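**Q** Read top to bottom, the protein sequences are chains U and C.
According to my numbering, the first sequence is numbered sequentially starting from 1.
According to my numbering, the second sequence is numbered sequentially starting from 1.
Derived by calculation from the structure, the hints in this document are not laboratory data.
Values in this document were obtained by computation on a predicted structure and should not be read as measured data.
One thing to keep in mind: the hints can contain errors.
[What the hints assert, rightly or not] Using 30 Å as the maximum straight-line C-alpha spacing, the simulated DSBU-like pairs for lysine-lysine come out as follows:
1) Lys-65(U) / Lys-192(C)
2) Lys-189(C) / Lys-192(U)
3) Lys-182(U) / Lys-16(C)
4) Lys-27(U) / Lys-144(C)
5) Lys-182(C) / Lys-162(U)
6) Lys-182(U) / Lys-147(C)
7) Lys-83(C) / Lys-147(C)
8) Lys-16(U) / Lys-83(C)
9) Lys-189(U) / Lys-182(C)
10) Lys-182(U) / Lys-144(C)
11) Lys-70(U) / Lys-110(C)
12) Lys-144(U) / Lys-27(C)
13) Lys-189(U) / Lys-189(C)
14) Lys-110(C) / Lys-182(U)
15) Lys-83(C) / Lys-27(U)
16) Lys-70(C) / Lys-189(U)
17) Lys-70(C) / Lys-192(U)
18) Lys-23(U) / Lys-29(C)
19) Lys-110(U) / Lys-29(C)
20) Lys-162(U) / Lys-189(C)
21) Lys-189(C) / Lys-182(U)
22) Lys-147(C) / Lys-27(U)
23) Lys-66(C) / Lys-182(U)
24) Lys-70(C) / Lys-27(U)
25) Lys-192(U) / Lys-182(C)
26) Lys-182(U) / Lys-99(C)
27) Lys-83(U) / Lys-16(C)
[Stated by the list, open to error] Beta-carbon label-pair distances, calculated as ranges:
28) Arg-120(C) / Asp-213(U): 38 to 44 Å
29) Lys-65(U) / Tyr-106(C): 40 to 46 Å
30) Val-61(C) / Ala-159(U): 36 to 42 Å
31) Lys-66(U) / Val-61(C): 55 to 61 Å
Even glycine gets a Cβ: it sits at the ideal position worked out from N, Cα and C.
Listed below, chain by chain, are the residues.
2 protein chains.
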Amino acid sequence: MNCILLPKNTQTISDKQQLTHIKEVLKSKVGDSLTIGEIGGNLGKATIAEINDNEVQLSDVTLDKKPPAKLGLTVILALPRPKVLRRLIMDMTSLGVNKLIIVNSYRTQKSYWQSPLLERIDEFVFEGLQQAIDTVPPVIEFKKRFKPFVEDEFPALLAANKGDKEQSDAVIAHPYASQPWKAYIDALKHDKETMPKILCVGAEGGWIDYEVDLLCKHGCTAVSLGERILRTETVVSVLLAHWLEV
Amino acid sequence: MNCILLPKNTQTISDKQQLTHIKEVLKSKVGDSLTIGEIGGNLGKATIAEINDNEVQLSDVTLDKKPPAKLGLTVILALPRPKVLRRLIMDMTSLGVNKLIIVNSYRTQKSYWQSPLLERIDEFVFEGLQQAIDTVPPVIEFKKRFKPFVEDEFPALLAANKGDKEQSDAVIAHPYASQPWKAYIDALKHDKETMPKILCVGAEGGWIDYEVDLLCKHGCTAVSLGERILRTETVVSVLLAHWLEV
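Just chain U, with the same shape it has in the complex (with noise of 0.2 Å):
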């Protein structure tokens, strides 16, 4: 937690995590100045007031700086396993993120969607901000057909990402693609402005040959990371830092 994330005008802290954080991690006392941030508005830092045992009060709230830019960037994942999830969403929102599709695939196991993790997503996307000192928490849908989703949803979606290129606007990481990320990549001269939008990455054991042949179909360009047959979430690690401009 590098930031304590608050709803607008808000200047007592009730939440457990936050009072945890501050009262054993920080050590913070009376007078020490904390980094916050309103959600979805700025962030900045305030005054501890006073500590209790159910609260922290806040004085001197200044929340003049912007929230770091997003990466551009929607993620098509295909459901993993729901404690992978968990680590996912965090480090997608902590890796900025601006949109998460959530489909099923043929590796999802159906017991996936009844995981009561699924309830919990905005609590992952807090963790992620609060790690990420970010207030804007990614726009995430769950899309539970991925057939009607490919057909029906996905070429909208392509076409509002569209720039003038010639290049693919989406990209599919399959391990037994033929085109190499690197070449590929390396074309794009590592440029924000030339990165695909979307970014299409499958759960544990990958897509099949028919779930990246329908999305090919509709625009994207299937990519290989290489010999190497990495986790879920290390391939979204991997992935993304090529989108992140720092």
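Go by the hints and put chain C onto chain U.
**A** Okay, now just chain C, sitting in the frame of chain U:
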């Protein structure tokens, strides 16, 4: 587990996790083919000759494929929380780090060095190799004293990895460094030959100024990943992405 790693000249699988994977995940039968590797040797295929409660017997073992190339990189990592270390070791192994030197740092709690997980490093390496379809474990060393390591051993390590160019061959990731990572990497043209050979990564909370200064005094260049503060695991994957030749 994307391959089954076995000691040299072994045609019998008796490791419990491997057996569970073969029986319950792959649901293999007699006559099926398995992707296998010889620890430290080649990758290849084998046929399942027999399956019983405690063993799987292999036949037609062919080991004719070299393991994937390593990154050409030594990572110096401040010892993080043991739970995080497990995933970090798996990931760095999967991504192809050649050598991992785990050092003490100001923000490493003393208790981390007593964790029983430190005795299980080989297991995590094994998991990482079987994930990535690799056979060659990274070299792993522990240095419990930071200052003597940096002053007495680091210069020789750097000299051994020094090319004939002026660019520093060691970088330290530090959120408060003034040089941005992307500018640094763009200047190296994303070319494996010119990439640094040593990368230093802090644990949760990062390096303290004294540690950054000491490493820089001995030849490291400090680079910043920007405004977003990422989890150690995420930082490692984001950085190693730039060494992956894929």
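**Q** Regarding the pair Lys-110(U) and Lys-29(C), is the alpha-carbon distance no greater than 30 Å?
**A** holds, 25 Å
**Q** Mind checking the hinted window 55 to 61 Å against the Cβ distance between Lys-66(U) and Val-61(C)?
**A** holds, 60 Å
**Q** Starting from Lys-27(U), check that the Cα of Lys-144(C) is at most 30 Å away, please.
**A** At roughly 27 Å apart (the allowed maximum being 30 Å), Lys-144(C) and Lys-27(U) satisfy the hint.
**Q** Does Lys-144(C) lie within 30 Å of Lys-182(U) when you go C-alpha to C-alpha?
**A** violated, 37 Å
**Q** Would you mind confirming whether the straight-line C-alpha gap from Lys-66(C) to Lys-182(U) stays at or under 30 Å?
**A** holds, 21 Å
**Q** Is Lys-182(U) close enough to Lys-99(C), meaning Cα to Cα at most 30 Å?
**A** holds, 23 Å
**Q** Compare the distance between the alpha carbons of Lys-182(U) and Lys-16(C) with 30 Å, and conclude whether the hinted pair is satisfied.
**A** Violated. Lys-182(U) to Lys-16(C) sits at ~37 Å, over the 30 Å cutoff.
**Q** Need the status of pair Lys-70(C), Lys-192(U): alpha-carbon distance at most 30 Å?
**A** Status holds; Cα separation ~28 Å.
**Q** Measure nothing beyond the straight line between the CA atoms of Lys-147(C) and Lys-27(U); if it is 30 Å or shorter, mark the hint as holding.
**A** With a Cα-Cα distance of about 28 Å, the restraint between Lys-147(C) and Lys-27(U) holds, given a limit of 30 Å.
**Q** Given the hinted pair Lys-189(C) and Lys-192(U), is their alpha-carbon gap at most 30 Å?
**A** holds, 16 Å
**Q** Between the beta carbons of Val-61(C) and Ala-159(U), is the distance compatible with 36 to 42 Å?
**A** About 52 Å separates the Cβ atoms of Val-61(C) and Ala-159(U), which means 36 to 42 Å is violated.
**Q** Run the distance test for Lys-70(C) versus Lys-189(U): straight-line Cα separation, threshold 30 Å.
**A** holds, 24 Å
Checked against the numbered hints above, the structure violates hints 1, 3, 6, 10, 11, 14, 18, 24, 29, 30; every other hint is satisfied.
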